[in-house]
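K.L.:
Line by line, the protein sequences give chains A and B.
With the numbering used here, you'll find the first sequence wraps up at 305, consecutive numbering, no jumps.
With the numbering used here, you'll find the second sequence wraps up at 201, consecutive numbering, no jumps.
The set of hints was computed from the structure by calculation and includes no laboratory data.
Ideal Cβ positions, reconstructed from N, Cα and C, are used throughout, including at glycine.
Just so you know, not all the hints are guaranteed correct.
[Said to hold, decoys possible] Computed, partial: chain B to chain A, Cβ under 10 Å: (1) E95; (2) P130; (3) A172; (4) R188; (5) L189; (6) Y190.
[Claimed, not checked] Here are the computed lysine-lysine pairs in the DSS-like style, where the Cα-Cα straight-line distance is at most 30 Å: (7) A/K272 - B/K89; (8) A/K246 - B/K157; (9) A/K246 - B/K89.
[Claimed, not checked] Simulated restraints on C-beta separations: (10) A/K203 - B/G127: 16 to 26 Å; (11) B/T108 - A/A270: 30 to 40 Å; (12) B/Q167 - A/K198: 24 to 34 Å; (13) B/T108 - A/G192: 22 to 32 Å; (14) A/R233 - B/T104: 44 to 54 Å.
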Amino acid sequence: DGGITQSPKYLFRKEGQNVTLSCEQNLNHDAMYWYRQDPGQGLRLIYYSQIVNDFQKGDIAEGYSVSREKKESFPLTVTSAQKNPTAFYLCASSSRQASSYNSPLHFGNGTRLTVT
Amino acid sequence: SQKIEQNSEALNIQEGKTATLTCNYTNYSPAYLQWYRQDPGRGPVFLLLIRENEKEKRKERLKVTFDTTLKQSLFHITASQPADSATYLCALESLGGSTLGRLYFGRGTQLTVWP
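Isolated chain A (complex conformation) (with noise of 0.2 Å):
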């Protein structure tokens, strides 16, 4: 079955470790997005990445960083520079290109990640 596989469920870190963040999707999707979600919060856009070898930042980009070297991956880096890492982290992904923009999103089923 087509999807998003997000790995691990959960990860626990020690502070001022970086820590990577797998994400694969298999659904041929060209565009692919990072979103932090916090308890009482919405989900906040970190970073997306509308085609291979190209991406931007979103609304919370300080302390992450992100890589798009194939078409099915995009993994998010959780920096020690990020001063509030411990959340749920959602993946998700869409066919959506510059001329159609009302694909949704495909979502995998998040890592939650803890720093101590």
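Based on these hints, arrange chain B on the given structure of chain A.
P.N.:
Positioned in the frame of chain A, the structure of chain B alone reads:
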């Protein structure tokens, strides 16, 4: 600043009744509005999309309305069932300026349907 508000964080209704969830927005000019369902510990799942020139959209027991004058969308679940219990998110997509093609999400409304 731009804002999306979903009515009360939690809504509790009895099985068989109609659940109505509200999404209000300010300082947006959305071209599309989408509704998603999210279960605990899972990613959101897309339910319905409505365009700015559409007044109403239906899918099985779900109905969405979109009033650009009131800047509001209503999401209805008729004949609700305990299995409908989840958090429902609305999301706006604007086609203007720096927000081109991006989705903005509300905080969600947690719906509980009790037997």
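K.L.:
Each hint: holds or not?
P.N.:
Verification of the hints:
Hint on B/E95 holds. Least Cβ distance to chain A is approximately 8 Å, under the 10 Å limit. Annotation: B/P130 was flagged as interfacial toward chain A, and the flag holds, the nearest CB pair being 5 Å apart, inside 10 Å. For B/A172, the interface hint is violated, the least distance from its beta-carbon to any beta-carbon of chain A being 14 Å, above 10 Å. Below 10 Å, beta-carbon pairs count as interface contacts, and B/R188 has one with chain A at about 7 Å; its hint therefore holds.
At about 7 Å, the closest approach between the beta carbon of B/L189 and any beta carbon in chain A falls short of 10 Å, and the interface hint on this residue holds. Because the closest C-beta pair between B/Y190 and chain A is about 8 Å apart, less than 10 Å, the hint holds. Only pairs whose Cα atoms come within 30 Å are accepted, and A/K272 paired with B/K89 is accepted, the gap being roughly 24 Å. Straight-line distance between C-alpha atoms of A/K246 and B/K157 comes to about 28 Å, which keeps the hinted pair within the 30 Å bound.
At roughly 20 Å between alpha-carbon atoms, A/K246 and B/K89 fall within 30 Å of each other, so this suggested pair holds. Checked against the hint of 16 to 26 Å, the C-beta distance between A/K203 and B/G127 comes to roughly 24 Å, which is consistent with it. Taken as a hint, the range 30 to 40 Å holds for the pair B/T108 and A/A270, whose Cβ atoms sit roughly 38 Å apart. About 28 Å separates the C-beta atoms of B/Q167 and A/K198, a value consistent with the hinted range of 24 to 34 Å.
The hinted range of 22 to 32 Å is satisfied by B/T108 and A/G192, whose Cβ atoms lie roughly 31 Å apart. Checked against the hint of 44 to 54 Å, the C-beta distance between A/R233 and B/T104 comes to roughly 31 Å, which is inconsistent with it.
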